[in-house]
Amino acid sequence: MEHQLSVAGSALVIAFTGDIDLQTSPDARKALLALVGKGQPILVDLSGVGYIDSSGVASLVECLQSVKKSGQKLVLVSVSDGALRVLQLARLDRVFTICATLDEGVAAVE
Amino acid sequence: MVEMRANNVDLSSGAQLGVAPGNVHSHLELLADMGRDFATSQDLETTLTRAVQRITDYVDAEAGALFMLSPCGQKLGCDACVGPVEITGLEIAADQGIVGFCVQNDSGRIVRDVANDPDFNAAVDDETGFKTKSILCAPMSVKGERIGAIELINKRGGDGLFDNDDLNLLQALSVSAGLAVLNARMSAELVEQERVKRELELAAEIQRSLLPEEKESDFPVKGVNLPARVVSGDFYDFYPLDDGRVAFTLGDVSGKGMNAALMMAKSASLLRCLGKSIKEPGRLLTLVNEEICETATRGMFVTLVHGIYDPASGYVRLANAGHEPPLFCARDGSFRALEAEAPPLGISPALIDEDGFPETELNLDGGRLFVFTDGVTEGYVADGVELGIEGLKALITANAGSDAQEIMNEVRDRIGGTGNALRDDVTLLAIDDSRAVHTSDVAVGAAEPGATDAPGEKIFQLRVTAKANRLRLIRNTVRETASFCGFSEDDTRDIVLAVDEACQNVIRHAYGHEGEGDIAIEFRHRPDAMILYIRDFADPVDISKIKPRDLDDLRPGGLGTHLIGEVMDEVDFLPPPIDGGNLLRLVKKIEG
Numbered sequence: 000m001e002h003q004l005s006v007a008g009s010a011l012v013i014a015f016t017g018d019i020d021l022q023t024s025p026d027a028r029k030a031l032l033a034l035v036g037k038g039q040p041i042l043v044d045l046s047g048v049g050y051i052d053s054s055g056v057a058s059l060v061e062c063l064q065s066v067k068k069s070g071q072k073l074v075l076v077s078v079s080d081g082a083l084r085v086l087q088l089a090r091l092d093r094v095f096t097i098c099a100t101l102d103e104g105v106a107a108v109e
Numbered sequence: 000m001v002e003m004r005a006n007n008v009d010l011s012s013g014a015q016l017g018v019a020p021g022n023v024h025s026h027l028e029l030l031a032d033m034g035r036d037f038a039t040s041q042d043l044e045t046t047l048t049r050a051v052q053r054i055t056d057y058v059d060a061e062a063g064a065l066f067m068l069s070p071c072g073q074k075l076g077c078d079a080c081v082g083p084v085e086i087t088g089l090e091i092a093a094d095q096g097i098v099g100f101c102v103q104n105d106s107g108r109i110v111r112d113v114a115n116d117p118d119f120n121a122a123v124d125d126e127t128g129f130k131t132k133s134i135l136c137a138p139m140s141v142k143g144e145r146i147g148a149i150e151l152i153n154k155r156g157g158d159g160l161f162d163n164d165d166l167n168l169l170q171a172l173s174v175s176a177g178l179a180v181l182n183a184r185m186s187a188e189l190v191e192q193e194r195v196k197r198e199l200e201l202a203a204e205i206q207r208s209l210l211p212e213e214k215e216s217d218f219p220v221k222g223v224n225l226p227a228r229v230v231s232g233d234f235y236d237f238y239p240l241d242d243g244r245v246a247f248t249l250g251d252v253s254g255k256g257m258n259a260a261l262m263m264a265k266s267a268s269l270l271r272c273l274g275k276s277i278k279e280p281g282r283l284l285t286l287v288n289e290e291i292c293e294t295a296t297r298g299m300f301v302t303l304v305h306g307i308y309d310p311a312s313g314y315v316r317l318a319n320a321g322h323e324p325p326l327f328c329a330r331d332g333s334f335r336a337l338e339a340e341a342p343p344l345g346i347s348p349a350l351i352d353e354d355g356f357p358e359t360e361l362n363l364d365g366g367r368l369f370v371f372t373d374g375v376t377e378g379y380v381a382d383g384v385e386l387g388i389e390g391l392k393a394l395i396t397a398n399a400g401s402d403a404q405e406i407m408n409e410v411r412d413r414i415g416g417t418g419n420a421l422r423d424d425v426t427l428l429a430i431d432d433s434r435a436v437h438t439s440d441v442a443v444g445a446a447e448p449g450a451t452d453a454p455g456e457k458i459f460q461l462r463v464t465a466k467a468n469r470l471r472l473i474r475n476t477v478r479e480t481a482s483f484c485g486f487s488e489d490d491t492r493d494i495v496l497a498v499d500e501a502c503q504n505v506i507r508h509a510y511g512h513e514g515e516g517d518i519a520i521e522f523r524h525r526p527d528a529m530i531l532y533i534r535d536f537a538d539p540v541d542i543s544k545i546k547p548r549d550l551d552d553l554r555p556g557g558l559g560t561h562l563i564g565e566v567m568d569e570v571d572f573l574p575p576p577i578d579g580g581n582l583l584r585l586v587k588k589i590e591g
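Here the protein sequences come in this chain order: U and R. Sequence positions in the first sequence follow numbering that gives the first Met the number 0 and run 0 to 109. Sequence positions in the second sequence follow numbering that gives the first Met the number 0 and run 0 to 591.
Any given hint could be a false lead.
Said to hold, decoys possible - What the simulated footprint calls covered on chain U by chain R, stretch by stretch (three residues with Cβ under 8 Å from a Cβ of chain R suffice, anywhere in the stretch; the number is not a length):
#, stretch
1, 11-24
2, 49-58
Claimed, not checked - Stretches of chain R that chain U covers, calculated by requiring three or more beta carbons in the stretch to come under 8 Å of a beta carbon on chain U:
#, stretch
3, 35-46
4, 50-64
5, 190-200
6, 497-504
Stated by the list, open to error - Listed next, with one range per pair, are the computed distances between beta-carbon atoms:
#, chain 1, residue 1, chain 2, residue 2, range
7, R, Lys-457, U, Gln-39, 34 to 42 Å
8, U, Val-6, R, Lys-457, 36 to 44 Å
9, R, Arg-335, U, Ala-107, 31 to 39 Å
10, R, Asn-468, U, Glu-109, 51 to 59 Å
Simulated from the structure, these hints should not be mistaken for lab results. By construction, the Cβ of each residue, glycine as well, lies at the ideal position given by its N, Cα and C atoms.
All chains, please: the whole structure from these sequences, using the hints.
This is how it looks when you write it as C-alpha cells:
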C-alpha cells in the first residue's frame, strides 16, 4: 500500500493505492492522522484501494472522529467497489460523506 | 648426591693415582658412569657442569667449558665451565675461535700451540688474563643437528699436550652430552605438546557437551558428528519446544581449528538460548546474524540450517543461511534438495531484507529430511573418491528400511572407516516423519455438529505462520479457490473479507502476538456451498466473549466478527480439536 498527497481547491487530498489490511493499516492510520489539525478539509481518495479490512476501516473512523473534534471536514471520494462494499457491510456508508468523484468532493467541502 | 660425590672422589683419585689415559677399561667406566648420570638426571644444567668437571679432571686439563649453539644458530654461549676463570654466560659468534671451527665443521680438533693457530681467538684471554696454550675441542652433535661443543684447555703433566686418546675420549663424551641435551629439549617439547593436547581434549569435551543428549529411540530428530580433528567446527542441536514441536539446528563454521570450535560454541549457544522463545526460524537467524556480525572475527562465517518440526502435522519450517541444501527423502523414496536462499551468518546484516531470512515450509508427509555438512558429501569413501550427493542418496535408498539413526551411522562409518584421516568434520541430522501419526489435519478431531451434513470434497489445505504479512497470501488463495468453486465476483470478494477477518482474529486475539504459531485453512466444496475450516493452535478462546460489536460504537477495531457474520451464511466455532487450538467453520452457499 502507498499513499500520495496533493491539493485540490482548498482541500488536502490523500490518495491510497493497494490493499489496506492488518499489515498496512498502521501506516495508513499514521498518514491520515498527520493531516488532522491543519485546518483544511481532507479528501480521502479510495479509487486505488482494491481491498480494505476492518482495521483499515477503523483507521478511517478514528481519523473522522479526530477531524470532527478539530472542526475539519473529511470526505471519501472515488471509493472503489470493494472498499464501498466493506463500508456498507459495516453500515459506515451513512457515517462518512462519500462522493463519487474528486470534483464532487472539492465542491462538497467548499 | 652422596653417590655422586663418591664417584667424583673415585675419579679424581683414579687420575691422581696415575691411571693411564689410554686405559680403555677406565675410559669405558667413565663414559658408562657419565652416560648413566645423563640418563637419570632431572637437572640438565647441573649434570652438564658435573660432566665438564669430570672430563677436565680425568684428562687432567687446567680448564674446561661447554658451549651451546643458540636456537638461531648465530651465537655460541658458555653454559658450564671449570677452572681458574669463570666464563659461564660468555657469548661468542658461532664461527669464532676453535670452538666455532669445531661446531661449524662438526669435527674435533687438537691445538698443541694456540700461538701457531690462526683460528685461535685471543680476545677471551685478553679479557680474563688467562693464558691459553693448548686446546682440545670436540663438537656435540646428534644426527647432523649441531648442539654445541666441549673444550678443554692446557693439559697438565706429561709434555703438556693433548693426544688423540684424549680427543677420542672427549668426542665420545660429547656425543652422550649432546644426546642428553637433545633428550631434555625433546621432553620439554613433549610436556608442552601434552599440555596443549590436554587442553584440546578439555575443549572437545565441552564441545561434546554442547551437542544434544541422546533422546529416547522414537524421538523424531537425531544426529551424528565425527570431528576431523580433536575439536570440531560443526554442530547440531535439537530440543522440544513447549508447544510439542521440535527445534533443530545444524551448522558449519568456516575453518577447522580452535577458532572454529570457539565460534561453533558461540553460535550453538546463541541459537539454543534464543531458539526456545523465538519460534520463527527466519527471525531467529536474523537476530543471530546481527549478533555474530557485530562481534565475529573477520573472515569467519557460519553456514546453518535452523527449523521447527511439528510431529503432529508432519510440517517442517526452516531457514537456510548459505548451507548445503538439506535433502528430503519422501515416503515414496524420491529426493528433493532444498536450496539455500540467503547468505551465511556473519557476512553482513545488510544483505538480509526486513522480512528476515526466508523460510521454506515442507510437509514431510511420512518422509525424512536429512541436513548435513559438506564433510559428508566431500568425504572420501575410498582413495580419492568422494561420497557425493548421489552417493548419499544411494546410501539412504539402500537403507530405506532402517532407522534414520542407523542410516546416518552408516554414512559416518563409510567416511570414517577408510583408515584415512578425515578431510572435514562429518555431521548429519535427520528429521524422521516416517513413524509420526498426524493428528493436526484441520478438521480432524472436530465433532461436526449435524453429522448428516455432508462435509463435501476437500479441495485444498493451507498452513501458514500467523503473521500480518501472510494475510495477502491467504486472500489471494481464498480468491482463487472461491472462484474455482464457481462463486460470483461479489461473493468471492465477501468470502475473501470473511477469511481475512477470521485470520486477523487468530493473529490478534488467539495468539496475541505475531508469529506465535500457525493458521491452517481447509477448503471443502459441496455442490451447494463452500465450507472453510480455519484452525489455530493457540489456547482455546472463550467463545462467549467473541461477539459482534455494537455498530454505533465507533471505537477502532471490533468490526471483524460483524463483517464475517454479514457475508457468510454460517459461522460456527466448533469444539476444539483433540490436540488443542480453535476451529472455526464458515459456510457460504453457492447461489443457484
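Hint check:
no. : hint                                : result
1   : 11-24                               : holds (count 4)
2   : 49-58                               : holds (count 7)
3   : 35-46                               : violated (count 0)
4   : 50-64                               : violated (count 0)
5   : 190-200                             : violated (count 0)
6   : 497-504                             : holds (count 3)
7   : R:Lys-457 <-> U:Gln-39: 34 to 42 Å  : violated, 55 Å
8   : U:Val-6 <-> R:Lys-457: 36 to 44 Å   : violated, 54 Å
9   : R:Arg-335 <-> U:Ala-107: 31 to 39 Å : violated, 60 Å
10  : R:Asn-468 <-> U:Glu-109: 51 to 59 Å : violated, 41 Å
Consistency with the previously given hints fails for numbers 3, 4, 5, 7, 8, 9, 10, ordered from lowest to highest.
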